[in-house]
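From first to last, the protein sequence lines are chains A and B.
Everything in the first sequence is counted per the working numbering, starting at 1 for the first residue and increasing by one.
Everything in the second sequence is counted per the working numbering, starting at 1 for the first residue and increasing by one.
Just to be clear, a hint being listed does not mean it is correct.
[What the hints assert, rightly or not] In the DMTMM-like style, the derived pairs of lysine to aspartate or glutamate whose C-alpha atoms are separated by at most 20 Å in a straight line are:
| # | chain 1 | residue 1 | chain 2 | residue 2 |
| --- | --- | --- | --- | --- |
| 1 | B | K124 | A | E510 |
| 2 | B | K124 | A | E497 |
| 3 | B | K126 | A | E520 |
| 4 | B | K124 | A | E126 |
| 5 | B | K120 | A | E517 |
These are calculated hints, taken from the structure and not from any lab test.
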Amino acid sequence: MKVDELSTITAAFQGIKERAESRWQKLWHSGQPVILVGTATCGRAAGSLEVLQTLRDEVKKQSLECQVIEVGCMGYCYTEPIVIISKPGYPSIAYGHVNPVIAERLIKEFILGDNPCLEFVIGALEKNEFVPSFSEFPRAEYEQKIILKNCGYIDPEQIDHFIASGGYEALVKVLGMPPEEIIDEVKKSELRGRGGAGFPTGEKWEICRHSRGRPKYVICNGDEGDPGAFMDRTILESDPHSVLEGMVIAAYAVGARYGYIYVRAEYPLAVYRVQVALRQARELKLLGKNILGSNFSFDIELFQGSGAFVCGEETSLITSIEGNPGIPHHRPPYPAVSGLYGKPTLINNVKTLTYIRHIIENGAKWFAAIGTEGSKGTAVFALAGKVVNTGLTEVPMGTTLRQVIFDVGSGIPGGKCFKAVQIGGPSGGCLPESALYLPIDFDSLSKAGAMMGSGGIVVLDEDDCMVEMAHYFLEFTQWESCGQCTFCRLGTKQMLEALGEITKGKGKIEDIDMLAELAEDIKAGSLCGLGKTAPNSVLSTLRYFRDEYEAHVKEGRCPALMCQELIAYYILPKKCERSCDACVGTCTVEAISPNKDRIKVIDKEKCVKCNTCLVACPLQYNAIVKFSPPDQVPASR
Amino acid sequence: MKTVSLTIDGKEIRAKEGEKVLWVALDNGIYIPNLCVIREALQSPAACRLCFVEVEGKDKPVTACTEPVIEGMVVNTQGPQALRLARTAFELLMASHPVECAHCLSRDSCELLKIAPHLKVRLKIKRLRGLPRGLPIDSSSPLFIYDPNKCVLCGRCVWVCRERLGIGDISFAHRGFQRVVATFGDEPMARARCSACDECVTVCPSGALCFKDGKGPKEELNRPVEKSKS
Ligand SMILES: Cc1cc2nc3c(=O)[nH]c(=O)nc-3n(C[C@H](O)[C@H](O)[C@H](O)COP(=O)(O)O)c2cc1C
Ligand code: SF4
Ligand code: SF4
Chain A
1 MKVDELSTIT AAFQGIKERA ESRWQKLWHS GQPVILVGTA TCGRAAGSLE
51 VLQTLRDEVK KQSLECQVIE VGCMGYCYTE PIVIISKPGY PSIAYGHVNP
101 VIAERLIKEF ILGDNPCLEF VIGALEKNEF VPSFSEFPRA EYEQKIILKN
151 CGYIDPEQID HFIASGGYEA LVKVLGMPPE EIIDEVKKSE LRGRGGAGFP
201 TGEKWEICRH SRGRPKYVIC NGDEGDPGAF MDRTILESDP HSVLEGMVIA
251 AYAVGARYGY IYVRAEYPLA VYRVQVALRQ ARELKLLGKN ILGSNFSFDI
301 ELFQGSGAFV CGEETSLITS IEGNPGIPHH RPPYPAVSGL YGKPTLINNV
351 KTLTYIRHII ENGAKWFAAI GTEGSKGTAV FALAGKVVNT GLTEVPMGTT
401 LRQVIFDVGS GIPGGKCFKA VQIGGPSGGC LPESALYLPI DFDSLSKAGA
451 MMGSGGIVVL DEDDCMVEMA HYFLEFTQWE SCGQCTFCRL GTKQMLEALG
501 EITKGKGKIE DIDMLAELAE DIKAGSLCGL GKTAPNSVLS TLRYFRDEYE
551 AHVKEGRCPA LMCQELIAYY ILPKKCERSC DACVGTCTVE AISPNKDRIK
601 VIDKEKCVKC NTCLVACPLQ YNAIVKFSPP DQVPASR
Chain B
1 MKTVSLTIDG KEIRAKEGEK VLWVALDNGI YIPNLCVIRE ALQSPAACRL
51 CFVEVEGKDK PVTACTEPVI EGMVVNTQGP QALRLARTAF ELLMASHPVE
101 CAHCLSRDSC ELLKIAPHLK VRLKIKRLRG LPRGLPIDSS SPLFIYDPNK
151 CVLCGRCVWV CRERLGIGDI SFAHRGFQRV VATFGDEPMA RARCSACDEC
201 VTVCPSGALC FKDGKGPKEE LNRPVEKSKS
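So that you can see chain B by itself, here it is in the shape it has in the complex (with noise of 0.2 Å):
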């Protein structure tokens, strides 16, 4: 596949023509927040909005996850209007996710306060209302505990069951503010075909779905690739 050349922040770049912008920005060093896309998945769902770069050229801010790279292209992560739509985004999915940091088990691997000083935004957010889902707590699990409240709807837990593991035993249900990832009929997480295999817990962002002792492994699901000397 033909390499081409391009600039991020300023940082000249080569890659694989084609390559989303999101991959060749992390694999280089450079952070853009992301939360619904995985590298292993053939497409992006590019829903939750936050790796808004700006590309010389295109009037409006891309997401980085759904626009290739094209030879000479020059790439924006620090631009008004891309940081604007991205604090944004944030700010609203922060609006609806309870911020209980201090007694939160997943606080240490927690990428949302990750995100959040990498956008500087504050967790509690002034300028929205507190959108509150008051959705039961799951702990029927002997292992993790799942609180949709804290859900942030990336979808990692549902694609890797799904995908990755071959299982589907949880998928998206209802839709606009009600959407929420949940098992077939609601079960609770123990009785549904749930295998404890924990691999939703450890890819899981947002402290929703966590570990009952709090320790649990991590998968970074989207680390960056080392490059091949070329």
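Isolated chain A, as found in the complex (with noise of 0.2 Å):
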């Protein structure tokens, strides 16, 4: 690059860079309180749209000045609607369940009187005196955010505040450098894609750099079709510029032209926010024809997918941009060498991307150093399931499972049994309580029979059975298989069968061997990465939960007390308190009925199993038990 094109481009970026700031500062330090609202996709399920209407009524009511800004979500989605005010004079300080009524006691004993209404804080962003820091709570000692950093804490949908945080540098910085280089420093970072496969990022993009056929295209997949995993949405919603800022990097170190951002239709706000951002991004320059003044022309159209979970798949990706079925193809030739319209085309996951900036500002050694040998970096992990803390998390690579469980997510609720972890979505595998002191990356997981996959977390406890873990798994993943090759469609099918017929008791010993079987075989057989770990749930719960399935098959019984068909529920005539009928009530079948010394009884014929009146029996009694196998069930008197 000549120096005079490069002096344009500081030149350019200066001035959007002054901008943006002294927008920034004017925001934070007029004097006046400013209160985000986390409105990503988690926030409004938990009803923030109206806690955000609430606030604006009352600021116009009460004539304030103040600003109320929308922000994406900071991972602590367990504790939604999120509101956090910055006062002058105090920290500020985050507050959890917001409803328009707290919102409104917020604004008038916070906002005009000086009661900072502790009761509904959940930490401070900064460390102070009053109320505890984010940093102070134990999950903090473990988490290190790097790719969520900016979520929750700026307005997705301007511009200046990305680039107030340091947005578009490395960009900047970039556009200075020979497009080898910059791959030579994302090889060294040793970054992996967070798609799932965890491919080395920098020897794709040497692929891709090298591959002759132009233009080139550069994919951002944010297809996330995975049940439970949301954090490439979380991205898409509360940081988008990251990820566009990862794309034209990326686009500019392999030579690409065009670029297409792959987000599924069932994610409206990302899409939405996306296209705010692109359009921003056109309007300064960053992104379209000769960006920032250099020779480097690159563009980017979102497409919307149709939300097949298929459609994640790279190749199947690409030819549903192309406008037909998203039907995976054999590979090679990999994307990189041929991909959309048969021209080398650069797909990674919107994580992956994101990251980019990261490294090009902080450098390979820096990411490098974070880590295990193998995989560098942070892992962003959804917790769901039997936690306490769902929500989204950062840590690096090597955390314990333990640490993520039960020092980020605060352990199971209900001081039930840790059991299982179902790790890496419908792809991953269910991994034992052995397996807590594992450290996650990579390698570890796909030798512990999991993987990375998408990095969701589903906590499993004593209640929840294996077999049907398996099954759901699988049965999400036969639903979702194009169904062009034979051991996908058939044989996933082939197994969803025995398993279910085992959750009912009908299985016979034969049966698992069948299904260890046939699981090697589409493991080994299948065309694409969806066949080829579909299998995994059912064979990582038969390696470490085999007894399971063996006291399914054998005794008729369900460990976990969850198959239905192999239950009975019970009420224990010593248990039950005479005077009180709470679950007779409940029962919607009326199977319940007191006997002559109005001890309640269950008629097993009429029982439909669904659990109302073990949730009614008050906890003083905790008469009502579940037996399996069914006939363990002593004879009513």
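Fit chain to chain and form the complex, with the hints in mind.
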């Protein structure tokens, strides 16, 4: 690059940055309070739009000089809606489970008055004397936010916020570097793709750079079809420019002219915020023809997928952009050599691309110092299932599952016992308690029979049946299979039928061996990653919980008391309180009636096993229990 | 184009570099089961998963229809791992294919009946569950019957109709276990745009599309190509 071109770029960006910074300063240092409301999908589901409206109405009604701003998700989804108030003289304080009533109080008592309403506080953003700050939370010791850093703290619809927090600086830096040097930096960082398989990113970029064929494309894979996974959505909704910046840098490095960002149409907010971000980036010439006045041109189009899991598979995603049914193809050729319209195409996951600006800014060495031998950097997990703090977390690779579930996630609710963790979504596997001390990275997980996948973590407790779990995930993959290849279309169906019969107590012992054999063949024989990983949930549960399968088959017993056909409800006469009839009224099929001693009895013939009575029985009596197999229930008198 | 030498099942063969192992084997009298691949087509869908072979130096079996030949390659079509996969794939197909060969009009031309003895697989699969699809049979066409229950989803009929004839009257619909070859809007064949040229029937390997009188011509799609003496 010529010196004068470089100075044009720097000068152009300087102007943009100064404007952004002055707006940012004005927002935070005008002496007025600022209110941030988390309105990502998780917040909206909990009612944050009503909270936002209330806050805006109140501000207007009271004629306050106070900005109310929408931000994305901080990762504490379990306590949404979240509102952060930054009032001069106080630290910035985050409030959880805010509803319109609380919102009104916050305005009246904190903004107008001097009562920070400590009863609703989750924590403060910075250290102070009043309120514990997030950095003092036990989970802070384990978390390290790189790609989630901006999420929940900036307005995703204002490019100025992103730029003021250091955004697009990596792009400016890169425009003065030879592409080979950038690729070298990414290679040295040892970044591996976060779309599931963990392919070395720098290597992929290099292959694409060296592939002949023009034009080249960059695709950002935001399909995110795994049930329970929402990290890509969160990033797209909370910090879309981070992704765009990564794409532009990637395009410059591999020599691409056009890009697609593939987001499922079921993510309307992500779609909207990406569109806004694209428009704003174009307006500032950070995207489009002659970016920042350089010779480099690159533009991105948003593509809305129709939400099939298999469309997340790269070859399938590409055919779907081409306008054909999303059906995977045999590889090689890999997309980096021959992808979209037969041209070299770099395809990376949302998270992978988001790391790029940080690697460029802080250097490969910095990144490679985080994590484990084979897996560098951080991992983003979506915590779900039987865990207290559901939500998003970002921890260094090599953190143990124990730390993620018990320290970050605060363990299992209701005093229940941990049983297993399903990691990596439907392609991943179920790991038992012994795996809790496993440092999580790409290689350790696949060795243990799971995989990093998209980073979904579903925690299971003593009430979860492992056969049912395997059935649940296989049902998903079977349903989402494109159906073109024999193993995946018919093999997973065979497995699903067998699992279904086992959960009903109709399985045979040969079925267990058949499942294991067929699973191996489906893994080895399927055309694409969907089929190749579909049997993982069955294989891993067979490996660690074979006894549960055998209990179902040999004894007709479900050890977790979950499989409906293998359990019966029973009221312990000794515990049932004569004067109480809490359960009687709740039973929708009138299966419960008192006997002559006014002890309640369940009519097994009528009972539909809906579990309502068990929940209704007051804790102090705790008289209703489940038995498995059902014939264990004592005869009623 | 460069020629290379390789061996398949110990037989020394010269072939064009980059040609797929499947065609090289078939043209040299070595049969490898296959259903979904068509020589005239640009690419194999690699969907039926029957053509697994073992290649020296690769730890896993590969599909012969996608594997290009290279100099010095050693291919084994009878390796235990490859055969295990091919057999399981075939068993899976047969477990959801109505085995009523005695009454089947396509008995004489059925390719499944040719593959079964080659892979030494019985037609009735014991270790798997029968997975019938329960779909209605379409006998609306004056000349042929379409029984989707027998279909192995090889896609030959779809390819012939769309690519060779340029009609595109039939195509794949739905996904997963529901995947099926159907006309647009699932119209009966007689009412769809079908011109009753019967080309699809002549290529169907499974009896799903078959002539009402059971006679009609059959086209061997992937017949071996005579080697030009060079
Ligand atoms: C069934 C299936 C679903 C997938 N879904 C996604 C997805 O939702 N998002 C994603 O980034 N990658 C997904 N992948 C992986 C992609 O094929 C591809 O490897 C990835 O986008 C490459 O990006 P990376 O190198 O940054 O990981 C999926 C793969 C399979 C087999
Ligand atoms: S493995 Fe499943 S999803 Fe993948 S190509 Fe085969 S049938 Fe389609
Ligand atoms: S109808 Fe026959 S040719 Fe068509 S896909 Fe089915 S088996 Fe193949």
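Checked hints:
{"no.": "1", "hint": "K124(B) to E510(A)", "verdict": "17 Å, holds"}
{"no.": "2", "hint": "K124(B) to E497(A)", "verdict": "18 Å, holds"}
{"no.": "3", "hint": "K126(B) to E520(A)", "verdict": "19 Å, holds"}
{"no.": "4", "hint": "K124(B) to E126(A)", "verdict": "70 Å, violated"}
{"no.": "5", "hint": "K120(B) to E517(A)", "verdict": "18 Å, holds"}
When held up to the earlier numbered hints, the structure conflicts with hint 4 and nothing else.
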